[in-house]
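Those protein sequences? They're chains A and B, same order as listed.
Under our numbering, the letters of the first sequence match residues 140 to 679, in that order.
Under our numbering, the letters of the second sequence match residues 71 to 337, in that order.
Incorrect hints may appear among the rest.
What the hints assert, rightly or not - Below, a sample of chain B positions facing chain A; criterion: calculated Cβ distance under 8 Å:
#1 Leu223
#2 Ala224
#3 Arg246
#4 Gln271
#5 Thr294
Think of the hints as simulated: they come from the structure by calculation, not from any bench.
Please read all numbers here as calculations on a predicted model, not as lab measurements.
Ideal Cβ placement from N, Cα and C applies to all residues, glycine included.
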Amino acid sequence: MTFVDAVRPAAVTARGWGWRHAGRPRPAVSGLDLDIGPGERVLLLGPSGAGKSTLLHALAGVLGDSTADAAGSADAEDSDETGSLLIDGAPPRARRGRAGLMQQDPETQVVLSRLGDDVAFGAENLAVPPAEIWRRVAEALDDVGLGRLPLDHPTSALSGGQKQRLALAGILAMRPGLLLLDEPTANLDPAGVLEVRDAVGRCLDKTGATLVVVEHRVAVWKDLVDRIVVLQPGSAGDSAVLLDGPPDQVLEQARDMLIAAGVWVPGHVPATRARNADPRAGGDAAAGQSPAQLLLAAEGLAVSRQRPRRTGLLTGFRTVPPEPVQSGIAAQVRAGQALTITGPNGCGKSTFALTLAGLLAPVAGAVSATTELSAGAGIDPYKWKAQQLIARIGTVFQEPEHQFVTGRVLDELMFGPRHLGRGEERVDELLERLRLRDLVDANPYTLSGGEKRRLSVATVLAAHPQVLVLDEPTFGQDANTWAELASFLSELLDAGTAVVSVTHDAEFSQVLGGAELTLGAPQPGLPGQPGRTTPGVAAP
Amino acid sequence: MRDALTLRGNEALLTRANPLAKFSGVLFITVALALSIDWVSASVALAFELLLLPLAGLTLALLWQRGWPLILAAAAGGWSTAILAADHGRTLLDVGVWSISEGSLQLGLGFLLRGLAIALPAVLLMSCTDPTDLADALAQQAKLPHRFVLGTLAAMRLVGVMAEEWQTIGMARRARGVGSHGSPVQRLRATLGQSFGLLVQAVRRASRLAVTMEARGFDGAQRTWAQEATFSRLDAWVVLGGVLIAGAAVAAAVGAGTWNMVFLGQQ
Chain A
140 MTFVDAVRPA AVTARGWGWR HAGRPRPAVS GLDLDIGPGE RVLLLGPSGA GKSTLLHALA
200 GVLGDSTADA AGSADAEDSD ETGSLLIDGA PPRARRGRAG LMQQDPETQV VLSRLGDDVA
260 FGAENLAVPP AEIWRRVAEA LDDVGLGRLP LDHPTSALSG GQKQRLALAG ILAMRPGLLL
320 LDEPTANLDP AGVLEVRDAV GRCLDKTGAT LVVVEHRVAV WKDLVDRIVV LQPGSAGDSA
380 VLLDGPPDQV LEQARDMLIA AGVWVPGHVP ATRARNADPR AGGDAAAGQS PAQLLLAAEG
440 LAVSRQRPRR TGLLTGFRTV PPEPVQSGIA AQVRAGQALT ITGPNGCGKS TFALTLAGLL
500 APVAGAVSAT TELSAGAGID PYKWKAQQLI ARIGTVFQEP EHQFVTGRVL DELMFGPRHL
560 GRGEERVDEL LERLRLRDLV DANPYTLSGG EKRRLSVATV LAAHPQVLVL DEPTFGQDAN
620 TWAELASFLS ELLDAGTAVV SVTHDAEFSQ VLGGAELTLG APQPGLPGQP GRTTPGVAAP
Chain B
71 MRDALTLRGN EALLTRANPL AKFSGVLFIT VALALSIDWV SASVALAFEL LLLPLAGLTL
131 ALLWQRGWPL ILAAAAGGWS TAILAADHGR TLLDVGVWSI SEGSLQLGLG FLLRGLAIAL
191 PAVLLMSCTD PTDLADALAQ QAKLPHRFVL GTLAAMRLVG VMAEEWQTIG MARRARGVGS
251 HGSPVQRLRA TLGQSFGLLV QAVRRASRLA VTMEARGFDG AQRTWAQEAT FSRLDAWVVL
311 GGVLIAGAAV AAAVGAGTWN MVFLGQQ
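Sequences are here, hints too, so could you generate the full structure?
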């Protein structure tokens, strides 16, 4: 066997191509005609359901039956392919190693537990000789900016942005002519997004490989691509490609359509409901003078996800508190006011929010509820029973699926009120307000990303908590869901609910207003930086 | 939990030995100790093993941290043997149905020491062997199918990820009003629900990981190994060490007249 070291950019040709997933009545893609020349960089846009991911998976040769042979002859029995989709004139499955795919969830882009082994994995599978593999590994790690880490660095210790760059290195070590990125930055914070985008740009400049990227934050990729293709959901007779051309031209032609489809179009901030100028306007005259009702306060708080550890026989089974990721935090949560928690990656923002929400025990210091909030349940939210907790503090997790407890949207919404022995009026209101009425019988796991987010907010609010805590509520959301969520929360705030959100999204915190708590970088072994609260939200 | 699966910071000599060599060394000791229940052979082996701890980067405290279930199990086995075994010799303690005699105490002590002497090498082996190195050796040298070995290895990495996910799901469900408080039945139901949530996430993650691996060409029949698994002179010493410890234990027991083949019955 011979090994071509230089990257040969790949060409993609689709002729009337379509794909129906097994068990689905309608095809995910149909009638796709598309030519992508070697070295072209294409951003793929379109509403959800337009088959963008399906196309990327097909190009990566991972669609259908994974046990089918590499010749591409056998597909899964129940799925259905029409027309042709070719890389350099051959089916993707026959072109193993010509295309490299990066997906959304950083945790599943890592295969092995040591940095060097993980990068080598793809090249090993392509039977590249070991000496050549290590040369490629070193080069790829340099190219993605991870070259300074030792080869046996544990991959579990990497941040999300680093994991995605590691995945890119693993792909580069295969020397693919086609890079396929499926929402590669949707789960990352703003710093991570730029890290990954810039690494991709550098590698493309160096290798000249072809790029196809799916991402709904257009501004991130616009300057890196030279062509935008807009797909539309498949229906017989229509062409799958709605628009195709240089980025500026397509964005101008399709601006309204893209905005309507929830794409983040550069220079467009979705319209949201404004907060009332004075959150307490319309109340009694004295309200303007006194601060809003205090509900929850943190004092000298140190937080960690680890539980206290018991030492061994020789040291007498002492209980050792875990090393806090952040300490000395003070914060106040008041009715009708927003509190935004920001700070660099890994500084313990979510850990703090979960501690404030009574889900984690404080390592040191205390979270105390005022009698206004506790209503007889005691001062420490961590000691409340689950049912006492949800009626007082509601927490919306970053991953909606973690919170689903039933198999039907309506049951999901009724779950809280039923356990609290409450009526259903609130559920009805939420169904209407968060546009879930048509989905009442659906299984929560089958909803789209935006629908899952709306449902997870609604289920928590159904228990009518006075404090709402949200962990990165806008991560990976399209512009429509974003605007709906921001408007809805602004309404809740004006109605007197306190909203605490962990977020990197400056525009989102701007809509909510209120105070911002910035946590410093974690400093293991030292007392953590006390949090800094600033009134109002700093400009982005 | 996740760090327990890697050898971060452990630079001890035995981490550089081939996993298969370490495994065969351990096997010799285990077989020798499985042949006889007597306290001499077990103590001799145990003494040598304790001397080897530093070579695996272990301290007594770390040993307890990683191996306490095995150590407690050995202790429990020894104690129950001492009180339940058929008595012979002078009676030392008699509390109703439980009695401890010289004979049963000796047998119990033998059980305890033997349990420890068999458990310790296993803890030692795990503490100085990286799972990735083990997989390399199993696939390249023991010739196990690489798809099976690497698939298992990648899945093991996910186990660490899922352990963190378990905690998150527990909190996420408490935030929905499903508490770990309440009656045992309620707790059981809560745990079952949480397990189901974890299962759903595990399946999703696993299928995404499978796509990642397939997209990196994992379905090919031919494959090279960046890290070639080899045997070195160190590995000869490791195997020899296992043989010597096993031999010393047997020789000492035979010499002291306590050698007691389990298959031949009491002598």
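Right, here's what the structure says about each hint:
| no. | hint | verdict |
| --- | --- | --- |
| 1 | Leu223 | holds, 7 Å |
| 2 | Ala224 | holds, 5 Å |
| 3 | Arg246 | holds, 5 Å |
| 4 | Gln271 | holds, 7 Å |
| 5 | Thr294 | holds, 5 Å |
When the structure is compared with the earlier hints, no violation turns up for any of them.
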